[in-house]
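Residue numbering for the sequence shown follows my numbering, starting at 55 and increasing by one per position.
The hints are simulated quantities; they were obtained by calculation from the structure and are not laboratory data.
Don't be surprised by glycine CBs; every beta carbon is placed ideally from N, CA and C.
Taking lysine-lysine pairs in the BS3-like style, the calculated list, with each CA pair at most 27 angstroms apart, reads:
id: 1; residue 1: Lys-176; residue 2: Lys-155
id: 2; residue 1: Lys-90; residue 2: Lys-162
id: 3; residue 1: Lys-249; residue 2: Lys-264
id: 4; residue 1: Lys-264; residue 2: Lys-176
Computed Cβ-Cβ distance ranges for the label pairs, DEER-style:
id: 5; residue 1: Lys-248; residue 2: Ala-99; range: 22 to 30 angstroms
id: 6; residue 1: Lys-264; residue 2: Ser-76; range: 16 to 24 angstroms
id: 7; residue 1: Lys-248; residue 2: Asn-268; range: 16 to 24 angstroms
id: 8; residue 1: Leu-223; residue 2: Ser-76; range: 20 to 28 angstroms
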Amino acid sequence: MASIAVICEGVSEFNILNHIVSRYTGEHVLNAVQPKINRQKETQAEEGGWSRVLDHCTDEVIENIFQLNEYLIIQIDTDASHIKPYDISHNFSDGCAKSHKRLHAEIKARLMRGISRSTKKKYLHRIFFAICHNEIECWLLPLFYSDSRSCKTNNCIKILNMALSKKNLNGIPDTNKNSPLARDAYKAIFKNMKKREIIERMATNSYGFKSLLNGLDTIVEYKR
55 MASIAVICEG VSEFNILNHI VSRYTGEHVL NAVQPKINRQ KETQAEEGGW
105 SRVLDHCTDE VIENIFQLNE YLIIQIDTDA SHIKPYDISH NFSDGCAKSH
155 KRLHAEIKAR LMRGISRSTK KKYLHRIFFA ICHNEIECWL LPLFYSDSRS
205 CKTNNCIKIL NMALSKKNLN GIPDTNKNSP LARDAYKAIF KNMKKREIIE
255 RMATNSYGFK SLLNGLDTIV EYKR
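Construct the entire structure; sequences and hints are all you get.
The structure is reproduced here in structure tokens:
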């Protein structure tokens with residue numbers, strides 16, 4: 055059983071990753087480094103957000119993580135990547151949009167910018183990236199849609215909530231993804247994500263999701 059640390063934007067992102075990793079790889083332990091999480095209350099114990107993710111991508115933090123963990127997942131959304139000091143534009147200088155693959159590569163490099171070459175040489179092969187185009191909820195859409203909405207990368211929570219409403223389930227509040235109502239909504243979603251095959255199918259719609267699974271494949275042997 056591998057111990058996997060997680061640096062992510064918030065408790066909702068951690069819960070989604072925790073479910074994906076546990077169902078995809080089997081019994082692995084995920085440890086929240088950022089943000090700290092009150093497991094009993096299922097709430098964040100400190101501030102989250104993309105700036106906190108960037109703040110934790112340093113030699114000191116990485117070294118401390120690997121004293122107690124075998125692997126690390128770093129999660130970040132791309133919706134605010136154009137804002138300084140994140141500072142990765144969604145478009146090229148001519149205004150053309152970057153592909154998901156190109157944006158993923160540039161954000162991965164941005165996350166590693168504050169880490170020395172020696173630290174990367176020691177640990178980069180044990181770091182997996184969950185870079186979510188726009189927001190991590192976009193990864194959940196293929197669970198409910200098989201048409202063009204399954205690969206949407208805009209207004210994902212709104213589209214997800216439409217599907218939940220049709221099943222008479224509460225949606226995720228736009229203003230607070232960490233509220234009790236939101237936690238109940240995520241739990242209802244997770245009930246439909248119990249099998250590895252379902253997660254594999256969902257990932258075909260997202261370059262970032264598929265890239266994370268490709269990384270996880272290196273730490274587990276799955277008998278088909």
